[in-house]
Structures are given as structure tokens and as C-alpha cells.
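**Q** Chains as they are written, first to last, in my numbering: chain W, 164 to 574; chain D, 164 to 574.
It is possible that part of the hints are untrue.
Repeated chains share a single entry, so a pair holds when one copy, or any two copies, can fit it.
DSS-like, lysine-lysine: derived pairs with alpha carbons at most 30 Å apart [claimed, not checked]:
1) K361 to K571
2) K529 to K466
3) K493 to K182
4) K361 to K529
5) K493 to K361
6) K328 to K529
7) K466 to K361
8) K380 to K529
Keep in mind the hints are simulated off the structure, nothing from the lab.
The structure presented is a predicted model; accordingly, all values stated were derived computationally and were not measured.
2 protein chains.
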Amino acid sequence: MTINRQRLLSTLVEPAETKLLLIVLDGLGGLPVEELGWRTELEAARTPNLDELARRSALGLAYPVGHGITPGSSPGHMALFGYDPIECEIGRGVLEAIGIGLELTGNDVAIRANFATAERRDGDWIVTDRRAGRIPTSECQRLCDLLQSSIERIDDVEVIVRPVKEHRFVVVFRGEGLGDAVNDTDPQAVGVPALAPKGEDEASERTAGLAARFIEKAAMLLRGEERANFVLLRGFSKVPRLPSIGELFKLNPCAIAVYPMYRGLAKLVGMKLIDVSGEGIEDEIEALRSHYGEFDYFFVHIKPTDSRGEDGDALGKVRVIEEFDEHLPKVLELNPDVLVITSDHSTPSVWRAHSWHPVPFLLHSKWIIPESDASGFNERACARGMLGHFQMIETMSLMLAHGGRLQKFRA
Amino acid sequence: MTINRQRLLSTLVEPAETKLLLIVLDGLGGLPVEELGWRTELEAARTPNLDELARRSALGLAYPVGHGITPGSSPGHMALFGYDPIECEIGRGVLEAIGIGLELTGNDVAIRANFATAERRDGDWIVTDRRAGRIPTSECQRLCDLLQSSIERIDDVEVIVRPVKEHRFVVVFRGEGLGDAVNDTDPQAVGVPALAPKGEDEASERTAGLAARFIEKAAMLLRGEERANFVLLRGFSKVPRLPSIGELFKLNPCAIAVYPMYRGLAKLVGMKLIDVSGEGIEDEIEALRSHYGEFDYFFVHIKPTDSRGEDGDALGKVRVIEEFDEHLPKVLELNPDVLVITSDHSTPSVWRAHSWHPVPFLLHSKWIIPESDASGFNERACARGMLGHFQMIETMSLMLAHGGRLQKFRA
Numbered sequence: 164m165t166i167n168r169q170r171l172l173s174t175l176v177e178p179a180e181t182k183l184l185l186i187v188l189d190g191l192g193g194l195p196v197e198e199l200g201w202r203t204e205l206e207a208a209r210t211p212n213l214d215e216l217a218r219r220s221a222l223g224l225a226y227p228v229g230h231g232i233t234p235g236s237s238p239g240h241m242a243l244f245g246y247d248p249i250e251c252e253i254g255r256g257v258l259e260a261i262g263i264g265l266e267l268t269g270n271d272v273a274i275r276a277n278f279a280t281a282e283r284r285d286g287d288w289i290v291t292d293r294r295a296g297r298i299p300t301s302e303c304q305r306l307c308d309l310l311q312s313s314i315e316r317i318d319d320v321e322v323i324v325r326p327v328k329e330h331r332f333v334v335v336f337r338g339e340g341l342g343d344a345v346n347d348t349d350p351q352a353v354g355v356p357a358l359a360p361k362g363e364d365e366a367s368e369r370t371a372g373l374a375a376r377f378i379e380k381a382a383m384l385l386r387g388e389e390r391a392n393f394v395l396l397r398g399f400s401k402v403p404r405l406p407s408i409g410e411l412f413k414l415n416p417c418a419i420a421v422y423p424m425y426r427g428l429a430k431l432v433g434m435k436l437i438d439v440s441g442e443g444i445e446d447e448i449e450a451l452r453s454h455y456g457e458f459d460y461f462f463v464h465i466k467p468t469d470s471r472g473e474d475g476d477a478l479g480k481v482r483v484i485e486e487f488d489e490h491l492p493k494v495l496e497l498n499p500d501v502l503v504i505t506s507d508h509s510t511p512s513v514w515r516a517h518s519w520h521p522v523p524f525l526l527h528s529k530w531i532i533p534e535s536d537a538s539g540f541n542e543r544a545c546a547r548g549m550l551g552h553f554q555m556i557e558t559m560s561l562m563l564a565h566g567g568r569l570q571k572f573r574a
Numbered sequence: 164m165t166i167n168r169q170r171l172l173s174t175l176v177e178p179a180e181t182k183l184l185l186i187v188l189d190g191l192g193g194l195p196v197e198e199l200g201w202r203t204e205l206e207a208a209r210t211p212n213l214d215e216l217a218r219r220s221a222l223g224l225a226y227p228v229g230h231g232i233t234p235g236s237s238p239g240h241m242a243l244f245g246y247d248p249i250e251c252e253i254g255r256g257v258l259e260a261i262g263i264g265l266e267l268t269g270n271d272v273a274i275r276a277n278f279a280t281a282e283r284r285d286g287d288w289i290v291t292d293r294r295a296g297r298i299p300t301s302e303c304q305r306l307c308d309l310l311q312s313s314i315e316r317i318d319d320v321e322v323i324v325r326p327v328k329e330h331r332f333v334v335v336f337r338g339e340g341l342g343d344a345v346n347d348t349d350p351q352a353v354g355v356p357a358l359a360p361k362g363e364d365e366a367s368e369r370t371a372g373l374a375a376r377f378i379e380k381a382a383m384l385l386r387g388e389e390r391a392n393f394v395l396l397r398g399f400s401k402v403p404r405l406p407s408i409g410e411l412f413k414l415n416p417c418a419i420a421v422y423p424m425y426r427g428l429a430k431l432v433g434m435k436l437i438d439v440s441g442e443g444i445e446d447e448i449e450a451l452r453s454h455y456g457e458f459d460y461f462f463v464h465i466k467p468t469d470s471r472g473e474d475g476d477a478l479g480k481v482r483v484i485e486e487f488d489e490h491l492p493k494v495l496e497l498n499p500d501v502l503v504i505t506s507d508h509s510t511p512s513v514w515r516a517h518s519w520h521p522v523p524f525l526l527h528s529k530w531i532i533p534e535s536d537a538s539g540f541n542e543r544a545c546a547r548g549m550l551g552h553f554q555m556i557e558t559m560s561l562m563l564a565h566g567g568r569l570q571k572f573r574a
């Protein structure tokens, strides 16, 4: 369906003066929790504003990728933005780089790297610990500084080395004519040699050559280290060439997000990034209010629902939802033509991780049949809602249509 | 979606210790029946165990192939097993053969055959009755014995002839290098000549040659018969090469079924067939219990719901459902991690045949939002359930996900 579907939508779009607002409460969907009296986090939270809004809105359940599929952070967001979450693959190196806030250009090749322990034997590097004993992040920082200060360039290519967490870091090759079809050097096992990087085409062969020299230089610089004496590279990738939301859907879009990963994803699809003065929900809503005149599509990303879900902290997740509810009137005062409140995936606190469950979806607009008798905004009410159960990629079509931005399809 | 979808699912599968149990009540879905007070068979049946389970489970309605499409026996099961019911075509000859319990090898060409009445005229066989007056099954048995005893081989190819019902029988050519791209010889009309078999490629041309000689020999052997003096062949087919459930989904699967057709379908997708001591629901559940330690995916097929539906026997169908309900506690004692109770298609007793209606679907697992206020397990409650309305091919994704057997899709 989807690539053609996106093109179809694109041919029907016409500009309008309407304002479209998408609020993503990351990992919002939940499951019943014993300490909440077997209610979900959304059911247990005291949310008078959301509940009242739900009864004036249309509700549904959205599947980020498909039944049973648990999405990572990128597929759910790509679907919300109107991109096929299966077709639009964003490489692991690129995701890791944007996750730490690195700004990538279209020529960069980004690589996920691990510090590892390896032994030199008969010309090979035999990997003995793929994670160098999970060295602390401070160690990782020190070693990245060491590599970066000694390897600023290889030939005419700039090399960027940045720490992530524990043994993980990012390498970016910035230069012309580099391909990303290069195999992982991580053998995914211990007691075997690290693999040599090889390119599948000429441009990727050039990247592979740089990677081989980077590995050699790194091994030389790290030779005195007891654990982190070697590096493994994987997920070689370039920024995907995606048509921008602006071009596709004739929108002037912006993103209000605090975490680098989500700012990076928004940037990939061409959203303008808005500066936010702090990390709180209040700060993000303040940023929305002060830039409301400048754009017509707003993506607001709220992270802590997911973080508390991953921590298994049901009460914490309830409190984040309640905090959002308290600030909701300041959003409603803006009176957007289309308001969607949903999530990129579920993160039930009893599951302590992303899950495959469909996510609660609320659509407010003048052009809906309201759920007058809904119990409020929660999974059960959404399962019985006017919007039914649908694929998350339909979010953009629904927002555009309710914003009066889609022409009639044929005569 | 589906072929790529199956591949996607396959790349996400990881093994786990969980047990997945699929119980198929064949033809379960129904329609309101006057003698049941305009309730469906499921609504009318007294099913305290199923109803209580429904309130601790998630419900939905599954479409075997698509809206309005009435599936035969194979597409519904293929969808339940995670195979695209449209892409995965199983030839009519193969289906007929496995329906009577013939074990086919990968080289066999199986053919649906009819005894027919025909007149020899100018070198052609003019068909006058395509079903030989629907001779009784005992006649069919006698004539098949006659053909089989005289035609054991043609050249180096073994020929197997087995009766089905009335005028219908099965022919299998067992040998090397045989193709199945051969036209039907049945002209689908009377007063016209039977068609000569022709092959579309070299291997199929070889099969067509065998078929022509089989027809000639049969006509000779049957020349004294008043009605069944000729044979028509159609549905030439080989066993499709399907990847097994075990390979695709990293499962160790078994099937508990009494009817040959369903045992055959299970075998096609690589399930181990369990012997069942009798034909009753009780016997099948006993088989499940005694083999529960040996496998991690169990397909249990219960036939009489469909048979009573096809008979138009609403009360009989109600009684089968009630009998299953009585035995359900013995299933629940096993405490499977994932339990699905559903059907391969609907067989409303008022329709007296398979129908296109979506089927009731119950999913029990720790990781669902229960339908606490559901009236029980029936079509109406399922239509309003947390699982919504979905394509039956999603059954496998749902079972794997709830069994903790699918990795996250991308980062």
C-alpha cells in the first residue's frame, strides 16, 4: 500500500490556513497493573481535561507497524509523520548519531562503534569481549577524546568520534563520494577474528578502506588499554533521502522535542526544530505557544511516559500523564483546527519495554462525531471508538482531511 | 502486504520457552437462528467456562481471506498458520488426496478424477454425464479397485487410484521428473468431447502422456459399465513447497486433528501429527495433555461444529459447543502462555455451508487488557473487543508477540 498511498495523498493535498497539532506521549499505551487496581496507567491517572476532551473527540486504536510488531523509536514516528515504517529504513549508525544530537549532512557515513577486547594472533584480531567489559561512560568519553584528538582526518575525509554510553560510541566519516554498503566488522561472537570491512560498490569500497585504517589507528592508540584495546564497527549508514513533510503535504512543519533522537527524526523529514528553554512538559507547551503563529503543523514530543514505562514505574507513568493533563488547557486555548493526542508505541510498565499493543488515539476537530458516552481517554474507550482500529500511517491522512487540506479524489 | 510481512515476521522471531496453543472450532461463527430465539449458536450455547475465560481475555473478529470471501477448508487454516491464504495455493488434486489421508511425497502429481459417461464418436469421447449419474460410493470403490488392480504402473511411474465419494476419486502418479502444469480433461459441459491432456513444459508433457494412457486404459477396463464407462481428470497438482512453520517461526509444532484433510494441511506446513485414540473432543484434549511437554506450538482441530452447521442442525452445533465448553477446564489446567480459540471460517447453520462472515477470536495471555464487561464468548462481544477486526493471517504475529517471541522492529 504505502509508498503509492503516500503519493496519492500528496497529489490530493492543497494548502489551507488550518493548524494541525500532533502531540506524542511516547510509550503511552499500557496494560493493567496490580498496584493500580488492575487498571492501565491511563485508566488510573486522574485526567479530567483529557477525559472531557475525549468526549468531544473521536477515539481509536492505532497499530504502529502491524499486529504483534513492537516498534523501535523510529518506525512509530515515521508512521505518525506519514511515511511507511517498513519501507523507510533509517540505518543504525544514523540513528545512533542523531540520538546523541550529531547533525549529519547528506554525504556523511555514520557508524555505530563498540570498544572491545581483542588479542592479536597470526595477523588477526581475535575478539574476546565484544563490549570491553562494559566500561563506564566516563572511560568511553576519555577514549573517544583520545581517538578524536589523534584521528581528525583520514586523507581528505573528516573523522568525528563521539561517546554514547558505556562501551558504545559513534564514528562519522564526512567527505565526498562515500558509500554505506559496508559489512559490520563485529563478528557477533567471541573467540573469532573481527571481520575486515568490505564495500559492495566503489564508493562503499572507499568507506571500507577508511574504516580499515581507522580500526588500525585505533588499535595502535588503544594498545596500552587493558580492556578497551580494540574497536568494532557496524550499522554503516547514510541519512536516507526522504521527501520532506513540507514538500509531500504542503505543510510548514516544526518540532518541539527535548531528546536528541526525536529532534533528529523530525529533522530527517524536514521539520524546523524549535528551541525549548527547559526539559519539562510545561517548557514544551510554552515553546508551542510562543511559536504558534509561525507554523501550521506542530509535532510535540513528550518523553517521560516512555521512560517511566521502561523503568517499570507505573505510578511514575501515571504522574507524567496527570502532569500533561494539567497543562492541556493551555494547549486547548490555542484552539487548533486538528489536534491529535497519541503515541509512537505502547510501553506498558508491567512489560518494562516497548510493546506491540496498539496505541490510544484521540482526534479533536470540528468534523468528527464525538464519543459523548466514552469513559474518558483510555485504551478501552479507544478500542470502541468511532475511528476504529487502524494503521498508524493513516495519522497524516486523518489530520490533513480534518484540516480541510485534501481535495476530492477523482470526479 | 503478506509475503514480505511473513518474511519480516520471520526476521524478528527469537526462540522462547513459551507454549502457544491454537484451538480451531471448525465453522464456529454463526448467524441468528429462529429456533434459538434469534440467537447465534454461540450465543445460545450454555458455555460458562468460555464466557468466564472471555472476560479474562481479549476478543476480536478475524477475516479468513477478506470481506465477503467464503473460504474453503485450506485458506482459513493457511491464514491461521501465518501463510498468505491467497498466495499459498494448494492444488485441488493435492487437497483431495490429503482429504482422504493419502500421504504425498514432493514428486507426486495428484489428480481429482470423476467417473463419467461418454460415447465414442469419430475418435473422440463425447461426454454425456460428467458424474456418471452420481454412482454410489460403493460403486466408486469397486471401480477404483478394478482400475488399481490392472494399472499399478505406467512405465516406471507408480499409479495410485483411491475412491473419494460418489463419482469422485483420486489418481496419483508417483515418479521422478513429473510436472503438474497440465490442463483439465473435464470439458465442464456435456455433448462435447473430453479434452486431451497437454503439458505446458517438458516435465508436464510427460505427465500429460501418462494421463492420456491412463484414460485410455481406464476406458478399456470400464467398457462394460453402463454409466461409469469413462474418466475425467482435473486439478493436476504437486505438493506446494512451503517453508515450514518450524523454520519460519522457530517453533516445534504439532497438530491434533482427527479428519485427514486437517492432518494433511498441518503436515504440509511441517507440523508433527499426534495420534488420537478416538474421534471425540475428549480424545483430542487427552492427546494434547499427554504430549504437552514435547512441543511449543499446538494446533487442535475440532470438526463437528462445521459438520452440524453444514447439516443445518443449529441445536446439534449448540451441543458441540457445549461439549467443548465442558472439556475446556482440562485445557486451562495446562496454563499455556498463549491460548487462541477461534475458527477457520463461519458455518452458520441457517446458511448450511461455509460463509464469509468473520470469525469469533479469543486470545488469552498475561499481556492483554481483559474484556471484563463482555457478555461472554460470542460474535457480538467479539465485534466490540479490544482486538478489533483484523485479517486472520495476523493470528501468528499475535501469538508470537504474546508469547514473547518477537524482537523489537528496528531501533
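**Q** What are the numbers of the hints the structure violates, in ascending order?
**A** Failing hints, ascending: 4, 5, 6, 7, 8.
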